[in-house]
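2 protein chains.
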Amino acid sequence: MNTTVKATTSPIVITPAELLAHWQGHRDLTRRVIEAFPEEQLYTYSLGGMRPFGEMVQELLAIAAPGTKQIAGEPAEELNEHLEQAKTKAGMLALWDESTEELNRYWAQIPEERFRERILAFGQYEGTVWSTILYFIDNEIHHRGQGYVYLRTLGIEPPQFWDR
Amino acid sequence: MNTTVKATTSPIVITPAELLAHWQGHRDLTRRVIEAFPEEQLYTYSLGGMRPFGEMVQELLAIAAPGTKQIAGEPAEELNEHLEQAKTKAGMLALWDESTEELNRYWAQIPEERFRERILAFGQYEGTVWSTILYFIDNEIHHRGQGYVYLRTLGIEPPQFWDR
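The listed protein sequences correspond, in order, to chains A and B.
Here the first sequence stands for residues 1 to 164, where the numbers follow UniProt numbering.
Here the second sequence stands for residues 1 to 164, where the numbers follow UniProt numbering.
One or more of the hints may lead you astray.
Unchecked claim - Computed, partial: chain A to chain B, Cβ under 8 angstroms:
1. G48
2. G49
3. M50
4. W130
5. L134
6. I141
7. Y148
8. R152
9. T153
If you are wondering where the hints come from, they were derived from the structure by calculation, not from laboratory data.
For each residue, glycine too, the CB sits at the ideal point set by N, CA and C.
In isolation and in its complexed conformation, chain A is listed as follows (with noise of 0.2 angstroms):
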């Protein structure tokens, strides 16, 4: 057995460049959800007890740079989902803008081994790295899909999930 044989029984399916892609795809999108969203709905307008949309996004920008940081080596931070800047919409999208920036830089610093390693997300999370970001994404999408719905019922069209 050579690094040949292994690579045609475990064949590439995705890149880390096209994950990465993929996911601020998918950060494009939420983003343009916040903007869509009217400030004063953001922490005050729910459905079915549920969280307001803001406080689902203070809990986007917890996970995404900070849990790309933790790995691409750093030590594990706990969730902060209590973000001052991000109680406005203008700050909320501040936020946004610089997590997209390190969410570039800390993936550059990711080894090309690491996707197949475990870990211990927020010192708490355990699984491999790839089905960490896959709970990243998805976490993201969720909500996102909830955000969605409170638009609607406010009289406000989201914008399409599928232009990414």
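Take the given structure of chain A and dock chain B to it, following the hints.
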């Protein structure tokens, strides 16, 4: 340049088997959301002018197995989102379970190099095979997240998102 070098510059992020297991994990969660949904509301309840959850599930059924069948090399079919059997909850769950088996069967027929090729899914959506599969999964997460809001506003606690 040989295959060995190529394997080094494009490391494995996720294998085909892992991607299938990831998707089936999501599909198992979606199945439990369908189970949690009151049958009498599947096609009558909606928020903000959106589709009832039952129609979203028909879309997911129309995509998963037929989409994977095409990826496995069969001719493209048109999207068929009108499934008579899905009109009842029991029928919908039975179709869901059939799709689970079909998905496994077609997946096993996908050649390893196929994930990097381009495809015109359902004869109209162009992309790579990997991005098409991620789109199928992401679309399911998106609509299931909306189903969570429907359930919550109906006073029903959905299954935990992380329980897959």
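Here's how the hints hold up against the structure:
no. : hint : verdict
1   : G48  : 3 angstroms, holds
2   : G49  : 6 angstroms, holds
3   : M50  : 6 angstroms, holds
4   : W130 : 5 angstroms, holds
5   : L134 : 6 angstroms, holds
6   : I141 : 4 angstroms, holds
7   : Y148 : 6 angstroms, holds
8   : R152 : 3 angstroms, holds
9   : T153 : 4 angstroms, holds
Hint violations for this structure: none, all hints satisfied.
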